[in-house]
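Model the full assembly from the supplied sequences, consistent with the hints where possible.
Now for the letters of each chain:
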Amino acid sequence: MSEPNLRVEERPQAASRNRETEVERVEEGAQRPSRNPDSAQAGFETTAARSPQPAKGLDALDTLESESIHIIREVVAEFERPVLLFSGGKDSVVVLHLAAKAFWPARVPFPVLHIDTGHNFPEVIHFRDRTVERLGLRLEVAAVQDYLDDGRLRERADGTRNPLQTLPLLDAIAAGRHDAVFGGARRDEDKARAKERILSLRDEFGQWDPRNQRPELWDLYNGRHTVGQHVRAFPISNWTELDVWRYIEREGIELPPLYYAHEREVYRRDGMWRAVSEVSPPRADEAVERRTVRYRTVGDMSCTGAVESDAASVGDVVREVATSTLTERGATRADDRISEAAMEDRKKDGYF
Amino acid sequence: MTSTDRTLFRFATAGSVDDGKSTLVGRLLHDSKAILADQLESVARTSAERGFGGEPGAIDFALLTDGLRAEREQGITIDVAYRYFATGRRSFILADCPGHVQYTRNMVTGATTADAVVVLVDARNGVLEQTRRHLAVVQLLRVPHVIVAVNKIDLLGYSQAAFSSVADEVTTLAGELGLPDAHVIPVSALAGDNVVERSANTPWYDGPSLLELLETLPSLDELETELEALRMPVQLVIRPQGAVAHDVDDPEPFRDYRAFAGRIASGTVRVGDRVQVFPGGATTTVTGIDAGPRELEAASAPQSVSLRLADQLDAARGAVVVAAGALPIPRRELDAALFWLGDRPLRPGARVLVKSGTTTVQALVPEIVGRRDLDSLALEPADGLEINDIGQVRVRLAADLPVEEYAAHRRAGAFLVIDPQSGATLAAGIVTAPVNDLKVATAGSAGIIRTTTDTEGAAA
Ligand SMILES: Nc1nc2c(ncn2[C@@H]2O[C@H](COP(=O)(O)OP(=O)(O)O)[C@@H](O)[C@H]2O)c(=O)[nH]1
Ligand SMILES: [Mg+2]
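Protein sequence lines, in the order shown, are assigned to chains A and B. Residue numbers for the first sequence follow numbering that gives the first Met the number 0, beginning at 0 and rising by one. Residue numbers for the second sequence follow numbering that gives the first Met the number 0, beginning at 0 and rising by one.
Please keep in mind that the hints were generated in silico from the structure rather than gathered at the bench. Hints should not be assumed to be uniformly reliable.
Covered stretches of chain B (in silico footprint by chain A; criterion: 3 or more residues with CB under 8 Å from a CB of chain A, positions within the stretch not fixed) [unchecked claim]: (1) 277–291; (2) 297–304; (3) 321–331; (4) 404–415.
The beta-carbon is built from N, C-alpha and C at its ideal position, and this holds for glycine as well.
So, in structure tokens, the structure goes:
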């Protein structure tokens, strides 16, 4: 696949043409063709047309979007082989949407990487494949199942595969020689993530050292690293769950359908509704019911819970999130309930 | 729906250990309903386990923000933690900065992006050396607004006299440091007085609550956008050359598409504007402003855009697009203040990298002019800068940089000092007016005076 030419070389000695005369000619490229009418699904149609007025008091979403695009462009300009961790979850979908905007009308200039736990929601895998194909991206997949099959990893007693993602992730980063890895993590998700930098240096073992982070000053990002190190880049660090949903609404971004209310066979465990599936069967004492639910996060099926919800449209979800009394992880992720420091421990070990 | 024209405001908190920063932040989040039930429950549980407070059910709000295990266990804050909350008018990003002497770097980190800094003072202790240091950093980094929260006023029986005496100290100090208008508020982070709502316990105080102030002070971009000339450092040049995005149905018109992608650092650009491009200074016209597939008539700081220009200029990353007539003077030598953050000290002759805008160049620090005494802010002679020192230096660059003085233009005058070997960020730097003579800078400390007018001669 031909990747677009994004010129990032350091600046030349001087501008080669130093024309001081008035030039009336408008470049060909300046005449804008109409967009593909099919692209309504593509996530670029804005639901509300906004006036092209200068940005006297940009709203919060515009400001966040600009910051994120700046970060994405900085990483592409300064790194050789970036990759985006893409799960089909809403945060990574938003990062991909921002990347598409950052380089338009060129294609997104990096591949996406999915760490496949094998415990997937089929709708999400379907969405992943369709998105990648539509955008013309290359998809790299690192499968936890391969590691279990050949004994490099062993299944945990609780059946959860989220903690097993770290090794395949690090191997995939090394195999792809990726020096920068985009992720959709947000600081509002967790107390440990609240201390994460936008550009976060990792050693050969992918480890995060929270006591030894680089200070992040102004909007000047220092991405220097040595051989074996890589950088995790979190362009939507400063977004909240509500910002993400408002943006999805504003931009008309498509998501896997399980983010919206639907009927599903579920059972109650750890205070969450868990989907009945091969990888998450109910125990004998857990009663299966049909309920109207939706997912606030989409992760490994064996540890992601649904919430009861009637929010069937993006507008409904925005309203629901705005009035929610639980955090998205508290509501839906068994893995973060293990201890106060669950996320911190996983991050130190090279997790996302 | 709630209003979509809610704006973003970034602020940082600073103060000495135990002044109540974490409690204040927890209180702001709690009272603005940004704390959700599961977070509160987990904090309440931990508070109870630790036997916090006298009253049953009392909550240690600090637990909401102290995110790392070591912090929770030691009851201290190690690293900047970012917090998010919103009111009907604004979304807030708050950087909770630790107060330990050795962690001044976190304060600097928080202050560089802040529209306002809230400095906490324990009403019982008044202004401390740390307060002075924090306000000095705020002044040097030109944070637009400073708010001094005189905390724990509950422990002094909400006494007006006690508050006034601290407020007077603050006003005097702000005057000495040259901080234009510091807002001083009596608060109790623990009890919530004057944090979100104005308190009936302080009838003698008729100013706004902390949150009211944060909701109404103009942000940096609101202050500066209208005033300054356009400046946009080029991050990269977008040329699809056939590899067009999926939503471009006819690639043909984009065959020669070429646009300069960047985030506007200051000012406004409109289609048809005359601009100049550094380096070289070629003048051309803006023919289009793209924000993704949307075409704009105009864009302002801090928007990320792609600019199409009438002429095929051979510019790349590191170039800067500016309003015609506002071309920066290329600089090979800088007078600069450094906030030294590296573990190893800076010595004269050090070879470093300087990152400014979208350019990184090799640099040499031939001379350390002096180190700021943070009590007086005066420069005193120094042969090195240690971690947490603020010093004045000269920097020689291997290539021209289009910088401006930080006092006139924050984003054009800020730079990083980077260790070329380890890649570590060694210092936050700001371009200053020339400081040639310690006598000029110190105004009064007539001690040793070195005359260093010739940077070439002083090079190590
Ligand atoms: N009485 C009273 N105690 C406070 C107030 N604010 C904080 N504290 C207490 O002061 C101690 C230090 O607070 P903390 O927020 O951890 O301070 P930090 O080190 O600045 O983050 C804790 O025991 C708090 O409960 C206040 O307004 N009034
Ligand atoms: Mg604290």
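Results of checking the hints against the structure:
1. Check on the region 277–291 of chain B: 12 of its residues sit with their Cβ under 8 Å from a Cβ of chain A, so the three-residue criterion for coverage holds.
2. With 7 residues having a beta carbon nearer than 8 Å to a beta carbon of chain A, the region 297–304 of chain B meets the requirement of three or more and the stated coverage holds.
3. Given as covered by chain A, the region 321–331 of chain B fails the check, having 0 residues with a CB less than 8 Å from a CB of that chain where 3 are the minimum.
4. Beta-carbon proximity to chain A at under 8 Å applies to 5 residues in the region 404–415 of chain B; the threshold of 3 is reached and the given coverage holds.
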